[in-house]
Amino acid sequence: MNTTLTKLTAAVAVFAMSVGLAACGESSADKGHVRYMNNKPEIVNQLKTLAASYTKQTGVQVDIQTAASGTYDTTMASEMSKSDAPTMFNISGYDQFAKYQRYAEPLQTSKAYSLLSKDGRAYAYKDGSNVYTLPYAAE
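The numbering of the sequence shown is the UniProt record's numbering, which starts it at 1 and goes up by one.
Because the hints were derived from the structure by calculation, they are not lab data. One should not assume that every hint holds.
Below 27 Å or equal to it, Euclidean Cα-Cα: the simulated DSS-like pairs (lysine-lysine) are [what the hints assert, rightly or not]: (1) K126 with K40; (2) K111 with K126; (3) K31 with K48; (4) K99 with K111; (5) K82 with K31; (6) K118 with K82; (7) K31 with K56; (8) K48 with K99; (9) K99 with K118; (10) K111 with K40; (11) K31 with K118; (12) K126 with K99; (13) K40 with K118; (14) K99 with K82; (15) K40 with K82; (16) K56 with K40; (17) K40 with K99; (18) K118 with K56; (19) K126 with K56.
Pair by pair, the computed Cβ-Cβ distance ranges are [what the hints assert, rightly or not]: (20) A137 with D73: 17 to 23 Å; (21) D84 with A137: 27 to 33 Å; (22) Y136 with G70: 34 to 40 Å.
On a predicted model such as this, the values are computed, not experimentally measured, just so you know. C-beta: ideal position from N, C-alpha, C; glycine also.
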């Protein structure tokens, strides 16, 4: 992965993680906990490095779970039924957006969404006036 793409991926993921933290933490003493479900095994090392850096900077524990190749939908169904379901997850395409939208919170008023360019916003998945995804590319 080239340096520019790595930095871009890291920046987008940090913004995405900060959005996910809105639902984390139950008290001021609890710094929160993010569980991220990843469907791209090829970027797991970068995500784990980013998670460790984010935890070091914020004190918020970030766990990355990656589904085995070809098992994301099965893994997501199992994980989303748990009481400690993933705080954040990624999707690949509109078919997965349709499946998992009910687990997502609108993002159109988030700082992360406001930082997207006009083109970036065009790639976010929406339902009516609500925006539910932050587009990014990583390989």
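Hint by hint, here is what the structure shows:
1. K126 with K40: Satisfied, since the Cα-Cα distance of roughly 22 Å is no more than 27 Å.
2. K111 with K126: Judged against 27 Å, a Cα distance of about 17 Å means the pair holds.
3. K31 with K48: Distance of about 19 Å is within 27 Å: holds.
4. K99 with K111: 25 Å, holds
5. K82 with K31: Judged against 27 Å, a Cα distance of about 21 Å means the pair holds.
6. K118 with K82: It is violated: about 36 Å lies between the C-alpha atoms, which goes past 27 Å.
7. K31 with K56: With Cα atoms ~12 Å apart, K31 and K56 stay inside 27 Å; holds.
8. K48 with K99: Holds - the C-alpha atoms of K99 and K48 are around 26 Å apart, at most 27 Å.
9. K99 with K118: This hinted pair holds, its Cα atoms lying about 26 Å apart.
10. K111 with K40: Holds, at about 25 Å.
11. K31 with K118: 33 Å, violated
12. K126 with K99: Given that 27 Å is the threshold and the Cα spacing comes to 13 Å, the pair holds.
13. K40 with K118: 26 Å, holds
14. K99 with K82: The given pair, whose Cα atoms are some 17 Å apart, holds under the 27 Å limit.
15. K40 with K82: It holds: about 22 Å lies between the C-alpha atoms, which stays within 27 Å.
16. K56 with K40: Within the cut-off at roughly 24 Å; holds.
17. K40 with K99: 18 Å, holds
18. K118 with K56: Given pair K118, K56 is violated - Cα atoms ~32 Å apart, limit 27 Å.
19. K126 with K56: 33 Å, violated
20. A137 with D73: 17 to 23 Å: About 21 Å separates the Cβ atoms of A137 and D73, which means 17 to 23 Å holds.
21. D84 with A137: 27 to 33 Å: Holds - the Cβ-Cβ distance for D84 and A137, about 29 Å, lies within 27 to 33 Å.
22. Y136 with G70: 34 to 40 Å: 22 Å, violated
Consistency with the previously given hints fails for numbers 6, 11, 18, 19 and 22, ordered from lowest to highest.
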